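> Chains as they are written, first to last, in the numbering used here: chain A, 1 to 280; chain B, 1 to 280; chain C, 1 to 73; chain D, 1 to 73; chain E, 1 to 387; chain F, 1 to 387; chain G, 1 to 180; chain H, 1 to 180.
None of these hints come from the bench; they were simulated from the model.
Computed from a predicted model, the values in this text were never measured in an experiment.
Backbone N, C-alpha and C define an ideal beta-carbon position, used for all residues, glycine too.
Among the hints, a few may not be true.
Per label pair, the in silico range of CB-to-CB distance [what the hints assert, rightly or not]:
#1 Lys244/B to Glu208/F: 55 to 63 angstroms
#2 Asp222/A to Glu238/B: 54 to 62 angstroms
#3 Glu208/F to Leu241/B: 52 to 60 angstroms
#4 Glu279/F to Glu277/A: 50 to 58 angstroms
#5 Gln79/H to Gly243/B: 23 to 31 angstroms
#6 Ile199/F to Gly49/G: 49 to 57 angstroms
#7 Glu200/F to Ser386/E: 38 to 46 angstroms
#8 Glu240/A to Leu241/B: 32 to 40 angstroms
#9 Lys264/B to Glu240/A: 26 to 34 angstroms
#10 Glu208/F to Pro11/A: 17 to 25 angstroms
#11 Glu240/A to Gln206/F: 56 to 64 angstroms
Heads up, simulated BS3-like pairs for lysine-lysine below, C-alpha to C-alpha not over 25 angstroms straight-line [said to hold, decoys possible]:
#12 Lys89/G to Lys105/G
#13 Lys215/F to Lys12/A
#14 Lys337/E to Lys215/F
#15 Lys89/G to Lys2/G
A few chain E residues facing chain B, derived, Cβ under 7 angstroms [stated by the list, open to error]:
#16 Ile63
#17 Glu66
#18 Gly78
#19 Asn237
#20 Thr239
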Amino acid sequence: MKSAIHDYLRPKKKFPHVWCPGCGHGIILASIVRAIEAAGKNRDEVVVVSGIGCSSRAPVYVDFSSIHSTHGRALTFATGVKVANPKLTVIVISGDGDGMAIGGNHFIHACRRNIDLTMIVFNNNIYGMTGGQASPTMPQGDYASTAPFGTLERPFDVCKLANASGANFVARGVVTSPIPLEKHIKKGIEKKGFSVIDVAETCPTIYNFFNKTGNPLKMMKDLKAKAIPVQKANTMTEEELKGKIVTGVFADRYYPDFTTSYDKIIMDSAKRSMKDEESI
Amino acid sequence: MKSAIHDYLRPKKKFPHVWCPGCGHGIILASIVRAIEAAGKNRDEVVVVSGIGCSSRAPVYVDFSSIHSTHGRALTFATGVKVANPKLTVIVISGDGDGMAIGGNHFIHACRRNIDLTMIVFNNNIYGMTGGQASPTMPQGDYASTAPFGTLERPFDVCKLANASGANFVARGVVTSPIPLEKHIKKGIEKKGFSVIDVAETCPTIYNFFNKTGNPLKMMKDLKAKAIPVQKANTMTEEELKGKIVTGVFADRYYPDFTTSYDKIIMDSAKRSMKDEESI
Amino acid sequence: MSDEKYLYVKKNWCKRCGYCIEFCPKNVWEFGDDGYPYPARPQDCVRCRMCVNICPEFAVIGEEEVTIKLEGR
Amino acid sequence: MSDEKYLYVKKNWCKRCGYCIEFCPKNVWEFGDDGYPYPARPQDCVRCRMCVNICPEFAVIGEEEVTIKLEGR
Amino acid sequence: MLFYKLYKDADGRKVGFVQGNEACVEAALLAGMRFFAGYPITPSSEIAAVSAEKLPMLGGRFIQMEDEISSMGAIIGGSMTGKKTMTATSGPGFSLKQENLGYAIINEVPCVIVNVQRGGPSTGLPTQIAQADVMQARWGTHGDHPIIAISPASVSQVVTSTIRAFNLAEKYRTPVILLMDETLGHMREKIVLPREDEIELIDRKQTEDTPEEFKPFATKHGDVPLFAPYGKGYRYNITGLIHDEAGFPTTKTDEVVSLLDRLHSKINDNLDDIVEVCEFQTEDADTLLVSFGSATRSCISAMEKGRAEGKKIGVLQLLTVWPFAEKQIVKLTEKIKNVFVVEMNMGQIIGEVSRCSHRDAVVTGINKYNGIYITPQEILEKVKESR
Amino acid sequence: MLFYKLYKDADGRKVGFVQGNEACVEAALLAGMRFFAGYPITPSSEIAAVSAEKLPMLGGRFIQMEDEISSMGAIIGGSMTGKKTMTATSGPGFSLKQENLGYAIINEVPCVIVNVQRGGPSTGLPTQIAQADVMQARWGTHGDHPIIAISPASVSQVVTSTIRAFNLAEKYRTPVILLMDETLGHMREKIVLPREDEIELIDRKQTEDTPEEFKPFATKHGDVPLFAPYGKGYRYNITGLIHDEAGFPTTKTDEVVSLLDRLHSKINDNLDDIVEVCEFQTEDADTLLVSFGSATRSCISAMEKGRAEGKKIGVLQLLTVWPFAEKQIVKLTEKIKNVFVVEMNMGQIIGEVSRCSHRDAVVTGINKYNGIYITPQEILEKVKESR
Amino acid sequence: MKNLYEVRLSGSGGQGLITAGMIMGEAASVFDGKFAVQTQSYGPEARGGACKAELIISEKEVAYPKPVDADILLALSQQAYDQYKDDVKEDGVIIVDSSLVKYEKGKGVYPIPITQLAIDKVGLKVTANVVALGVISSLTGVVSYEALERALLSRIPPGTEEINKKALALGKTLEFKDNI
Amino acid sequence: MKNLYEVRLSGSGGQGLITAGMIMGEAASVFDGKFAVQTQSYGPEARGGACKAELIISEKEVAYPKPVDADILLALSQQAYDQYKDDVKEDGVIIVDSSLVKYEKGKGVYPIPITQLAIDKVGLKVTANVVALGVISSLTGVVSYEALERALLSRIPPGTEEINKKALALGKTLEFKDNI
Ligand SMILES: Cc1ncc(C[n+]2csc(CCOP(=O)(O)OP(=O)(O)O)c2C)c(N)n1
Ligand SMILES: Cc1ncc(C[n+]2csc(CCOP(=O)(O)OP(=O)(O)O)c2C)c(N)n1
Ligand code: SF4
Ligand code: SF4
Ligand code: SF4
Ligand code: SF4
Ligand code: SF4
Ligand code: SF4
Ligand SMILES: [Mg+2]
Ligand SMILES: [Mg+2]
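Using the sequences plus the hints, can you model the full thing?
What follows is the structure in structure tokens.
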């Protein structure tokens, strides 16, 4: 048995980590690390970038170059890293609040720009860190500190949004199935261009507090029951799909990515710049 | 003949307006005004909100309450107007840069929130006001001051994005067909919930400067030739659709809108608040 | 059809883009000697309003009342 | 199968969520008297790694080398 | 979900043992707030949560926006319909609100922005106390602009200050910043909410002009233009561009100057009304502690301790931090030359105090910025050291 | 599309008649800029356009981001790979960058932010001159933070100042703000670019520690920590939270204080290196005009005119506006008591000048804020009036 | 009875210390007519770590709002006890949960197996905080029992009134002895 | 020859005045070795409105960069002429496009039908700005003809060299008379 995660924990960091008992974030983080390992990336050439949120604490624990950036802005920092040094493998970790609320614009633009980043959305449908406000992926009608009468808004489907915005690779995993999750992330890393892996998970502390969803284990079991592979989902009616979480790959395209396209410009420009300045 | 626009020009404003000869913005503005009139709205209860850009100058010319807000933020101001006073009809005018670049997040969230606003995107595929930078709807490969070697990024399809984000009504018009355009906008105004009307138009000054697209008339004729109704487009291959602009209605749904849903909360809360405080 | 006497162009607003001429389905308009469009064949007008609606300058006017109102501007 | 002697739980990391127990397809795990899971039926293990991968605390360890490395933490 | 309860006392006033953040909302509702738009951030989040729960009871509305920029935009839009509006945030969110804050200033849109300060810069110390956004409150948005900022020190002062913030916002048609801090936001004390008949509420003055006559930024009525809410037949325009009296963009130099001058003078000509300070035992003092917000409480304790030891210490609380209490500083430093400026930051308002103090005054900073509340002992020690 | 051309002069230097904005890019490229991320805004947009055109020629990269926030994020990310990075904007965009600016400060990320000032507040006067973001440059982001800001007055000074901005950014590992203005950005003058052998370029000092030993914020090498670019085996973390020497979040009070103190002292202990002023005929002056940026040019002309009439005027240009030239002001005002602070705003830097001036000095503001360049005549008149 | 009490309720997250502080502060200020200020702090961990609620309860207005040396220290965890036991006044009391904490005997140290009592006698572990409030009231008189009960009832979820009353009463009726 | 020239090139957007200013400044500073500073301003309209390029060309460094009263005023539109004609020095010259502008005769006023000449003699209306530069050079000597030509050729689109040279030459070879 190989335990990739343990090879990648920061030597100087104390464990256990800060996340609550049963919080899905740890499962996703371990899956990311296995995926990086499986994709054969040199750990020195990996940069992990996150925003702010419980989930965004993830990079602090694993031994890569990492940026715990500002709330919602992980993709912007990551874009800078990638464009300034296209050789690097850049992984973006973001919460559903971080990535889809305040960071939503950077998300759709990263998709459109097709910048070669792999973004993993730690999607617990709530703002964990700030104590339970409604996130843009919270199911309509669920409760939150800022939705004491149930959220009025419908949730984003992260994958639909990514698809409509032009990402090259779009998939959804779920923490109850860590191996397919790892595979999606690995594919995302290997894919040139922008990849998004939306990960359905649980926040047993805060979500439960407002929604009485039960203890961590019950929430995990419920989550498992909700997850339906896309192949199966395609055979189901909309009614049957209510409350379900569809997993699998939603887009796998080959549009040229930003930095590769840019390299062509550099090659062409280098020629143009050869021309010497006229003397006065 | 009825000339709605002339009834709605600000009495104190000087004309001609600041837009360049042949700029599409004027055609769209006139269509909006006709649509408001056709929808039978009381002009005193209409508020027009825009961001910053050539297009966003539009509200200054027409005689409604209006907010020429900050770049990209029109939807946020409009949301405040609507939520604070749901009786008002709120029209949002935005450029493709204003609404889709810096304002992209507010756009997808307004769609998701399904707030009862009608947004018209003056989509000339470029930043006119700041002198010709690439906008998020500029066709890939076209030139701009910040894309001297052609834009690398693929454009957003405003309607697709709106659709994926949950808007109730999504349509595209084109300035070469002002009557269908007016009808789309009218439907958008009448629709409860968020409506987007993307309008294909031309920027004969700046777009032409960087792309040698010809004089205003030539650009208009070319635009007309590109526009294809969605019904027809559905029968065409992807290859045939290249470079075309598909017009028509892309979504027409009936999800409850934000303020209507909120009214229910107010009704329920009013009861709860009846309970008197205990005395000490 | 048409005694369209109020189909006229407000010259101090018109920027001479030619859209009214191009988009009139009945070929009613022409550029005049002064460089501004005028309804050369008003009798052909079918009142489709294309010229009014396509003018980016609100300079094509099709109503007596409006004409008078706009005179001063 | 299995002489899985390194299938063990690092107790000072474990937060006792019970996922390892629940998600093991072979029902290998149980809570011990100390409240922490332990491999009650290691011989049934099919090395699917579910327990390792599902543990949010990285507390399920399946390798001698890792066990040793983590001892001090 | 509310974590407090209000009772009625013998005089019919609501009382309760509540957090500063909770008190802020109760007072805002009393002051007439009917629209709140916000985005969560520690340590201000309770303000949003309580607003979400309570606003609909009064027919008001709450909205959680996608970020702080949109929250600020929304309360400006909301205010244009005539509603009293508020948002709340902390440092990082306050930085994001700066652009639209300038919009509210230039368009004279009344609204209240609460900044529950935490340690900074950047993400900083999210759950700890600091008072380090006080200069940002003054200068955070670009361009020349005036600002009003109020900084209470106790939960009771949060109540009075919040009401005052709304009143000043309405009276002077300007955004008002309520500068709180982490400890105050989360601290619980008893509040007694005034009865409705006990408070004077100010509503922005409405125009009596006809829509035809109305000019949204006309000054014939004094420095503060009269208001007409959107939706009532006054179809005017507002813009972030420099604008004329009619609300239309202008670059005419006299109109530019007249707008900027008026924006400033409507505040600066009314300092007596706007600037509120609290003096504690300054009459006989030879040593003055100047402070604002939570640090004031430590100053008062230090004063009490110091006086017990025979030290003639007085305290000046800048309840209004902006516009700056220049006159008050000038006056006090005429007689008190030993001045200490106590702030939980690295020294910010001390610049202003130095600038305004009498030339013979010696102005020394007492600062703490490690995330922990400054203690009276620390203040006293520094005071003794410097003698 | 470039609107200028460079020639080679007899000494092999590139020369050209270019705009301030164009000069800024040419100098930045010389200084080693290899990544630019930006969002267009008048009057800074040419900086992005020229960067887009020229960067790829040098193997550098340009990206137009979706807004100013992301542009600021991108240049921070880019800088972490070891590249020299820059962004450019104007007031509204500068307000939006404030949050991430604080991130760059606290993580000691070298980068250059150009603010080509226009009239404000809010959308203001987009195509006109102002110098009204100077206090925002100092205090715009939340929390205690130091900042370096440089304000050139001519296109030639844009060249030297831009190079200096990069050098200071690298040397002190901090963002540096280049404060230009609309007129300077669009004004054309001849520049002579130094040859590569004529300029001293500073690159951030790289660590020689092994990855195991390396601590990204260790201070054993002095106040400025040594750098290791991402991608080279140094797998460390940076965070906007207050962090320890290893880059991990901390709330330990001594670590908090040590980080904040060091961030400030690395700037404040090196004022002699950082603060640059230009004095013009101050030796015999009895009247001092203090200014920065474009206004300085009018001061110099006013000085010349004034001297022609026998008035002993001197000029002090604050080329470095932040940190403030306190020492220089103290020294000059010891002998010159008649001080005028000339700014194209409503009075901002005057607060600092007053604070630092000799107690006997009389400090008077000469301000213009109508969007038009202040003239030497206007300055002279005000000087005469006040006598 | 002192004019001013500095109170420190300490333990770990989840033990209801903040709630206890809120109840105590409300009892003292709203119902007993005193001045009270309650502050709190968490450890660096997001949740579950060290937790502390502090109060100052006084006959007159309170300026500096944080206790320095406590008149009353409640310690429900070892970490809390170790950290705060020395910051208690000469004449202060330490109430320590003897079912969870190893403590030093001494004057003013009241060891009570609070959590165990909550489990055994009330039947609900999470009422330990309420038991502790009862103890504090009857031991120090800093808040009246009636005020505490009223504040308690207004702060708890409906349906839990009886069990909470029981817990409070238990705390009140325990017999104490400091532990010399 | 003066030591310092204040030059104001005025007209409307689209007449190429900024380009003319750039060429003139480059000619003076890069090729003639003088000091030059060029500024510009637009009217409030986004495009097409009033437009003006201003230069100071001097033997020594230029501080305040904007002309006050002009030594040389070029007016290519009525509005520009009306607005700036009074801000000209006693000994200054006004070059006015007599094909577009109604002007007052006077000392130093040189009416030349610049735009008409560009159309008639060069064959391209938009070269009026270049014709004007030729006029300015030969009338005032503020920049040398050679410098102007070189700067001109480096600023124009490839393929337009000949027509631009022709325009410049035309301006140079015109005969002038001020119009008293
Ligand atoms: C500009 C800014 N606004 C708000 C915050 C406060 N904040 C921190 S984390 C967070 C939400 C995190 O939610 P999510 O991304 O879903 O992460 P989770 O905690 O659920 O893993 C918020 C609103 C902040 N740090 N910065
Ligand atoms: C915060 C901010 N950033 C940038 C700008 C500059 N700006 C003004 S308009 C504009 C683009 C407008 O493009 P678009 O919305 O497409 O409108 P158009 O001019 O094409 O009609 C930009 C970038 C600004 N005013 N504010
Ligand atoms: S609050 Fe929720 S998201 Fe945050 S650590 Fe706890 S369980 Fe995880
Ligand atoms: S620049 Fe383009 S968008 Fe702007 S007014 Fe001119 S044609 Fe219209
Ligand atoms: S469409 Fe309007 S602006 Fe264009 S030519 Fe016709 S009347 Fe003139
Ligand atoms: S109304 Fe129609 S037919 Fe008549 S002139 Fe106009 S465009 Fe032509
Ligand atoms: S999954 Fe991990 S944390 Fe949970 S009980 Fe098992 S070993 Fe412990
Ligand atoms: S590896 Fe699989 S079978 Fe073995 S114990 Fe773990 S989960 Fe059970
Ligand atoms: Mg979340
Ligand atoms: Mg556009």
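> Honestly, which of those hints from before does the structure not fit?
2, 4, 5, 14
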